[in-house]
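Here is how the chains run, residue by residue.
8 protein chains.
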Amino acid sequence: MGKTPEQILEIAKKILNYSSVLLVTRTTIETFKLLKKEIRNIEFSSISNIIYTPLDIPDDNLSEGITVICAGTSDISVAEEAAITGYLMKNKVRKIYDVGVAGIHRLVSFKDELNRSNVIIAVAGMEGALPGVVSSMVDCLVIGVPTSVGYGTSFKGISPLLTMLNSCSPGVVVVNIDNGFGAGYVAGIINRVIKRGKST
Amino acid sequence: MGKTPEQILEIAKKILNYSSVLLVTRTTIETFKLLKKEIRNIEFSSISNIIYTPLDIPDDNLSEGITVICAGTSDISVAEEAAITGYLMKNKVRKIYDVGVAGIHRLVSFKDELNRSNVIIAVAGMEGALPGVVSSMVDCLVIGVPTSVGYGTSFKGISPLLTMLNSCSPGVVVVNIDNGFGAGYVAGIINRVIKRGKST
Amino acid sequence: MGKTPEQILEIAKKILNYSSVLLVTRTTIETFKLLKKEIRNIEFSSISNIIYTPLDIPDDNLSEGITVICAGTSDISVAEEAAITGYLMKNKVRKIYDVGVAGIHRLVSFKDELNRSNVIIAVAGMEGALPGVVSSMVDCLVIGVPTSVGYGTSFKGISPLLTMLNSCSPGVVVVNIDNGFGAGYVAGIINRVIKRGKST
Amino acid sequence: MGKTPEQILEIAKKILNYSSVLLVTRTTIETFKLLKKEIRNIEFSSISNIIYTPLDIPDDNLSEGITVICAGTSDISVAEEAAITGYLMKNKVRKIYDVGVAGIHRLVSFKDELNRSNVIIAVAGMEGALPGVVSSMVDCLVIGVPTSVGYGTSFKGISPLLTMLNSCSPGVVVVNIDNGFGAGYVAGIINRVIKRGKST
Amino acid sequence: MGKTPEQILEIAKKILNYSSVLLVTRTTIETFKLLKKEIRNIEFSSISNIIYTPLDIPDDNLSEGITVICAGTSDISVAEEAAITGYLMKNKVRKIYDVGVAGIHRLVSFKDELNRSNVIIAVAGMEGALPGVVSSMVDCLVIGVPTSVGYGTSFKGISPLLTMLNSCSPGVVVVNIDNGFGAGYVAGIINRVIKRGKST
Amino acid sequence: MGKTPEQILEIAKKILNYSSVLLVTRTTIETFKLLKKEIRNIEFSSISNIIYTPLDIPDDNLSEGITVICAGTSDISVAEEAAITGYLMKNKVRKIYDVGVAGIHRLVSFKDELNRSNVIIAVAGMEGALPGVVSSMVDCLVIGVPTSVGYGTSFKGISPLLTMLNSCSPGVVVVNIDNGFGAGYVAGIINRVIKRGKST
Amino acid sequence: MGKTPEQILEIAKKILNYSSVLLVTRTTIETFKLLKKEIRNIEFSSISNIIYTPLDIPDDNLSEGITVICAGTSDISVAEEAAITGYLMKNKVRKIYDVGVAGIHRLVSFKDELNRSNVIIAVAGMEGALPGVVSSMVDCLVIGVPTSVGYGTSFKGISPLLTMLNSCSPGVVVVNIDNGFGAGYVAGIINRVIKRGKST
Amino acid sequence: MGKTPEQILEIAKKILNYSSVLLVTRTTIETFKLLKKEIRNIEFSSISNIIYTPLDIPDDNLSEGITVICAGTSDISVAEEAAITGYLMKNKVRKIYDVGVAGIHRLVSFKDELNRSNVIIAVAGMEGALPGVVSSMVDCLVIGVPTSVGYGTSFKGISPLLTMLNSCSPGVVVVNIDNGFGAGYVAGIINRVIKRGKST
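Protein chains in written order, with my numbering: chain B, 4 to 203; chain P, 4 to 203; chain W, 4 to 203; chain D, 4 to 203; chain V, 4 to 203; chain Y, 4 to 203; chain R, 4 to 203; chain A, 4 to 203.
Just so you know, the hints here were simulated from the structure itself, not pulled from any lab data. You may find that some hints are simply not true.
[As the list claims (entries may be wrong)] Below are the DSS-like pairs computed for lysine-lysine, each with C-alpha atoms no more than 30 Å apart in a straight line:
1) P/Lys17 to D/Lys114
2) R/Lys98 to A/Lys198
3) B/Lys114 to P/Lys114
4) B/Lys16 to B/Lys95
5) P/Lys16 to P/Lys6
6) D/Lys159 to Y/Lys6
7) W/Lys159 to A/Lys198
8) A/Lys6 to B/Lys6
9) R/Lys159 to V/Lys159
10) P/Lys40 to P/Lys93
11) V/Lys6 to W/Lys39
12) A/Lys36 to B/Lys6
13) P/Lys98 to B/Lys114
14) D/Lys6 to R/Lys16
15) W/Lys6 to A/Lys159
16) B/Lys98 to W/Lys6
17) P/Lys159 to B/Lys98
18) W/Lys114 to D/Lys95
19) W/Lys114 to V/Lys17
20) B/Lys159 to A/Lys159
21) R/Lys16 to Y/Lys98
22) W/Lys17 to W/Lys36
23) W/Lys16 to W/Lys159
24) A/Lys198 to R/Lys95
25) P/Lys159 to Y/Lys159
26) V/Lys198 to D/Lys95
27) A/Lys95 to B/Lys6
28) V/Lys36 to A/Lys198
29) A/Lys16 to V/Lys98
Since this is a predicted model, take the numbers as computed values, not measurements.
So here's chain B without its partners, still in its complex pose (with noise of 0.2 Å):
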């Protein structure tokens, strides 16, 4: 926010001197360019502007247990920065784009793929209605991510947030509009805990 590319840069060096994960949402190609130059191993989801350095370990070895499920096109950048955020935390992450509330049947649908869940992310714009919906049809944590793409009412997010907080079914918490980092993020230490627990 507001950093330069230059800035970036440094402070990605900076991570990567202690740490093998690099992680920078909300970026843009120009400054992947710029960082490609003098750090090799890093990826660019141009869906959802993140860069971020893949995973060193066999896809065998991530855990499962994560779903993002969002209704389409204009969702999409955000659950993928809350499925790589995911990832990066060492998860294999399930993906569900293309189901929302104005298809109910299709929806309802996918309830048992659903409950193989330890945690759900449901990404959502304009009404919002997807994370109380499914959260209907599961046992397990919803998270909820409003998004801010939309028009009139939707207020840049505000219409998704409240229908959120205001779920009609309990298991629904809410992270900030547009947050997919903070969503992938916590169903990450979730997922954690989760694991440690079976290994104890």
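For this one, chain B is given, so just place chains P, W, D, V, Y, R and A on it according to the hints.
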């Protein structure tokens, strides 16, 4: 609003001079008792705090086609206001008062029944997702009525109002918070035009 | 919303595989030019920034009964979005685009013409009084569409939205700010039910 | 506001030491009874909860030119506050208390009567369209007074306030919600300047 | 608003067919250059972005009595819009453009000059206290015009708007944010009524 | 919400037909007394106005891992609602009810104790900084519950709600204002999944 | 806030175990009567609903330099809360309780007296212009305290809060609505640092 | 704000006629380059976009006692505006620019250093908890400056503004969003009064 029982009595008598229909919303049992002394043919709905004149025509002469749906106890008051208004416009109003998005499977099972309507009034507070989900299941108009019940960020009906205005399903229109009367009235004039069409 | 012209082209082609109707709102002339290369039968409304497929049926086969009214230049874009949507649902939409409450005598003189409608779409920004005043002159449904044009305390459409929700005349319902599509769609399904009624 | 009847009595006596006019708004019948014991020449308007000293001059000496208009029962309290204030500034205030935009034809029929004013105070709650429509019919100043009566999205007067600020007709100014006193006072000083002009 | 220079030219020519006065607010120098090609007698105010037709009458025939006051650079644009509007209604508008509440002693020294007005337009952004303080010094009407200049909690004019609506001094009325035209127009019709009074 | 004690009694009896757990929030001592007459095994928490059925299992069989923290008297009501809900889901909930950011050194000293949790519920009104600061000290999930206690710009919980949504520490999620039940429920389902993991 | 008189008594006794100063704001005469039974040396300010322990030192030992100013009856309650708080921090607080911007000449005449302060607390509701105007007259800090008295668009203190935050005069800071205690406390710590400076 | 570089140059030259100090905030490098041509002794802070005249006195003659603290990159711009303002009032401002509540242990370790201040300026965006937590560690005044950086529900500084106004710690006052200048100015006048006290 702000009118004394005596003022309402006077207005009621004036109305009944030129009309056989009387409808007083947002009133009290005390006002009803006062009116009852001078106006014979009125009833009181304690659930919706409405005074009205029951119709003088057989049930079979009422028009089918209007359905009122809400999730439960908290919203029934407004739902009944809509239903009675529709009834006074000579409609046999179907009522589904215990179905909401928190029980999404049950709601989905009503698809066929809902599709037998010309127009549906969906009443909901808090997250207010019901009209949008109902609309995704039918191909007639859904009138959303946000209610002011709730707490915290439901903001006395603003949250469900925004949800309904932002519905992903395009067949939803909205009336003012708690405005069961307006919804019933609109349903009534739509059904009247349809009926008129039929008899052409 | 956030979709690239290429994404829209792809989606458009998919839609035309199973439907003869295409409607793309909030788009650009650039996107139209791209689509035009691969899709023959489309037109562009530069006033409302809409791409659509003109109907393949004679005008006389369109249904009467939908009127769109607005006060002038600023609101025509949204009014046209409503009108084209209604047209695509096989209606001959009557348009009155130069009548507002600032010229109250002129508006009142349209009473008879307005009363020939099954449903009226009234588009207005700033004070947003048009739907309420129109409703006081007719006995059919009026769908109010608030627009975001204006400055200062019109708050990008919030002021006319509130005016319409608070209309003294009970026959007014409201859709989201600038949602001409939604208004046209709702008018279309109402007129369809009426027509269906007639043919019963 | 927050003042006890005893405090008001004390203040009232102080005022009457140097002025023959007393005006206490937003007060109660209890306060009036207390004041009446010690101050002879005061009256109480139970509709607007105002204590005031009736003028000691013949009606014919009052100035013409101020009109107060509102649609009905709910807004009369504020309208009377404006009217009494104008009266105390030595004006014969014309009152039209049963005309609103919901009866647009009736309102339009008042055109000539309204045009006999120097300044018009239009009081309205809920949608608040009255001042704008009145202004479109006259060529003098219209002072809009939004009222807090209503429910739902009238938001205790915010909705009519916004409507009036966004009036399409340029001759409308606005005072605070429920501020009948301010409107009456402004009408009074305008009429005084006009009168002064005449006598020059 | 949203009108192209070509549309404005067309409208301008239509207006000049039946009126000798043209006033285009919120326009640009580009539009002025286009109009200038076809309409001879127009001028452009670069401070307020207004195109207008200068009056064809001697200054001495203009009416006195309107004063426009503001604190400085930021608000002059709106103040000039008010002043030009008043001028086009045949008034000689007095301008005080460098006096604000931040220099309270200087403001107070203008008391006599301000009291020579029939009506004062006070333009202010940010805290918006100017109209109230001016009103405490005079006994004529003060029209407050909140401006959208500023940052942070001035909220694009909401803060000064609220200040003016809540003015402790009762002789203040308010128009929409940045609505210099409205304020000038209202001042003009008040001064016209006063003048008419004088000539009676 | 709006339910009479009699309605609650009826609903309670229905619930106990198929469940051994009853939880009634936002209720009153009067309702408790009525229920107590017909339902033996219930208790009343006067601090949180909750009626509930105490568990029938030894404390040692409850799961560890949930902590509820708040700063003091004003927030205990909501904190207890969360704690009882967690308890009814068979958890031994640790309570820290007298630690806030106003005593930052004391709060910091709880670091080790807090880190023994699987999930922490942090309840706070007014500035609402507690969840963020707690989150900066631990590496498990923190559920923030804003409370409506306070005055002025706490806006009945909006201020702490925004603070929590904007937490600099990424491990914070939020539920509705005063929604202790939702927070407790979410903590319960997270702890259940963890336990299930352990027993796998 | 929400504390019972008994809870307050208990807390008060605890405080007096380690401090000689007790200050309870937003309390009631009933609570005072209860405390008085067990705590000898306390007084009650009925204007500001405060219980406090009067200081045990001669007036001449109090520090000069703090002034509290407000316009009148409605704001005195909050002003007194500030004044008593300052007094309890061993300051002789000067009070000017009948001067406001509505009487601008009178206010200006206080210039010299105000300039004898180290810090000024200016309390104001409704338009809230007092702190800004006072600040334009002095060169010390002005602490603005918005009050919630008022009606309509004063929005329970939001209007004066915004006015103060947007003050044109740069020497104004703001505390929460009605937070007389906070303003008095801040004035006290500033004056303490100054005094400490003097004695260095 | 809205002033052209040329206007600023002219104003700057006027100011330097009677003062040796120039401070232009919210400006650009282009304006600086223009001014530099005609005014020798000015510097530009690219971090805070400020043009100012460096002081002509030795560092040892500056007063100690003002500290500016913020958490990082995003808020430094506003922090520097405060620091330069304080410096121009002849203070040696201590800067702590990399400490926030997200690293609570590090923040707590600054306790002694912070307590050496007469007044602390704490700059924070998003959750805005820094001023309150700092205030809980010191016994001098803390001036909170909310910043508009951030996204989603930080609402361009409203969220941190509310947090600061609701601070649990009573020694916090607030200035407008992004108003580093105001905070620096207030710190300057407080420190000046303290210094004056010392020299008495």
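Each hint tested on the structure:
| no. | hint | result |
| --- | --- | --- |
| 1 | P/Lys17 to D/Lys114 | 27 Å, holds |
| 2 | R/Lys98 to A/Lys198 | 26 Å, holds |
| 3 | B/Lys114 to P/Lys114 | 18 Å, holds |
| 4 | B/Lys16 to B/Lys95 | 27 Å, holds |
| 5 | P/Lys16 to P/Lys6 | 15 Å, holds |
| 6 | D/Lys159 to Y/Lys6 | 26 Å, holds |
| 7 | W/Lys159 to A/Lys198 | 51 Å, violated |
| 8 | A/Lys6 to B/Lys6 | 27 Å, holds |
| 9 | R/Lys159 to V/Lys159 | 21 Å, holds |
| 10 | P/Lys40 to P/Lys93 | 26 Å, holds |
| 11 | V/Lys6 to W/Lys39 | 27 Å, holds |
| 12 | A/Lys36 to B/Lys6 | 24 Å, holds |
| 13 | P/Lys98 to B/Lys114 | 28 Å, holds |
| 14 | D/Lys6 to R/Lys16 | 34 Å, violated |
| 15 | W/Lys6 to A/Lys159 | 26 Å, holds |
| 16 | B/Lys98 to W/Lys6 | 20 Å, holds |
| 17 | P/Lys159 to B/Lys98 | 36 Å, violated |
| 18 | W/Lys114 to D/Lys95 | 37 Å, violated |
| 19 | W/Lys114 to V/Lys17 | 27 Å, holds |
| 20 | B/Lys159 to A/Lys159 | 12 Å, holds |
| 21 | R/Lys16 to Y/Lys98 | 25 Å, holds |
| 22 | W/Lys17 to W/Lys36 | 18 Å, holds |
| 23 | W/Lys16 to W/Lys159 | 34 Å, violated |
| 24 | A/Lys198 to R/Lys95 | 21 Å, holds |
| 25 | P/Lys159 to Y/Lys159 | 12 Å, holds |
| 26 | V/Lys198 to D/Lys95 | 21 Å, holds |
| 27 | A/Lys95 to B/Lys6 | 28 Å, holds |
| 28 | V/Lys36 to A/Lys198 | 60 Å, violated |
| 29 | A/Lys16 to V/Lys98 | 25 Å, holds |
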